[in-house]
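**Q** In case you want the letters, here they are:
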Amino acid sequence: GESVGLHLPTLSVQEGDNSIINCAYSNSASDYFIWYKQESGKGPQFIIDIRSNMDKRQGQRVTVLLNKTVKHLSLQIAATQPGDSAVYFCAENIDTNAGKSTFGDGTTLTVKP
Amino acid sequence: DGGITQSPKYLFRKEGQNVTLSCEQNLNHDAMYWYRQDPGQGLRLIYYSQIVNDFQKGDIAEGYSVSREKKESFPLTVTSAQKNPTAFYLCASSFFTGELFFGEGSRLTVL
Numbered sequence: 001g002e003s004v005g006l007h008l009p010t011l012s013v014q015e016g017d018n019s020i021i022n023c024a025y026s027n028s029a030s031d032y033f034i035w036y037k038q039e040s041g042k043g044p045q046f047i048i049d050i051r052s053n054m055d056k057r058q059g060q061r062v063t064v065l066l067n068k069t070v071k072h073l074s075l076q077i078a079a080t081q082p083g084d085s086a087v088y089f090c091a092e093n094i095d096t097n098a099g100k101s102t103f104g105d106g107t108t109l110t111v112k113p
Numbered sequence: 114d115g116g117i118t119q120s121p122k123y124l125f126r127k128e129g130q131n132v133t134l135s136c137e138q139n140l141n142h143d144a145m146y147w148y149r150q151d152p153g154q155g156l157r158l159i160y161y162s163q164i165v166n167d168f169q170k171g172d173i174a175e176g177y178s179v180s181r182e183k184k185e186s187f188p189l190t191v192t193s194a195q196k197n198p199t200a201f202y203l204c205a206s207s208f209f210t211g212e213l214f215f216g217e218g219s220r221l222t223v224l
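These protein sequences, in sequence, are chains D and R.
Letter by letter, the first sequence follows residues 1 to 113 of the working numbering.
Letter by letter, the second sequence follows residues 114 to 224 of the working numbering.
Honestly, the hints are just simulated from the structure, not real lab data.
Backbone N, C-alpha and C fix where the C-beta goes; we use that ideal spot for every residue, glycine too.
Accuracy of the hints is not assured; some may be wrong.
To be verified - A short, non-exhaustive set of chain D residues, derived as facing chain R with CB atoms under 8 Å:
| hint | residue |
| --- | --- |
| 1 | Ile34 |
| 2 | Lys42 |
| 3 | Gly43 |
| 4 | Pro44 |
| 5 | Phe46 |
| 6 | Asp49 |
| 7 | Phe89 |
| 8 | Lys100 |
| 9 | Ser101 |
| 10 | Phe103 |
| 11 | Gly104 |
| 12 | Asp105 |
| 13 | Gly106 |
Excised from the complex, chain R in its bound form:
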């Protein structure tokens, strides 16, 4: 079945460590996105990519990095520069226009 797969579902990180969250889609979507969700709040856009080898910063890109080497993959690295990384991270994809299809999310906790 087509869909978006995020891994890992749960991740623990020590302060000062970088971690990478995986996102893969087999929907043949052009665009991919990373959102952050904090408890009781809406989604905030971190980065998005409309085509391979190109991506743009969203509203809260500081402390994060991404790559888009393949159409199917859009990994997110949470760097040590991100001061408050504990959150629920959601990856999504879409055609050039239209609704977003979300993965099941990755919950990152900083110990």
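If we strip away everything but chain D, and leave its shape as in the complex, we get:
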């Protein structure tokens, strides 16, 4: 079968390297996925989203990949910077009209200078 990245609760990278954060979602009916960044003591902030009719979407320094076959989502951050250190959550929407998200467990990214 196809190999996909495992979800890790923590990830440590060197400044300037690329980061890949993985997420497995639970419901094959989910049709809208979002990545959020949460800095310590603050509320999560939107990074990027993707709908189920797409496999890839790019933003500024970030790319989200969606593999519906194995229900896997990944966030790639290019040239990681110290300001990227945070907890990253993926969220799935099972019912787009409700706008109600189910969140993953989160990955804590630490960027070493």
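With chain D's structure known, arrange chain R on it following the hints.
**A** Chain R alone, transformed into the frame defined by chain D:
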């Protein structure tokens, strides 16, 4: 500037007391949500509301209550029936579809 305002930022409660957390938004969003976050964990949905005067239970509604009398406001009451209320509470809003916009959170500690 548009945004979501939660208050208070920090709150201490004695056992057996009810407390109310405030959440106000001026983004003209239809939907509002309350999430609970425990240390090292993800967000769990307590209640959500898609229109005024209507709201639905989320995954962990027991011991909590809400109201939605105005589009801009969605207060959460943590009642004495909530056995383990110490947590970080996050309010969010959104249009009928789309991403969530979060407030800065309220940290509740039970003494």
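**Q** Can you list which hints this structure breaks, lowest number first?
**A** No hint contradicted; all consistent.
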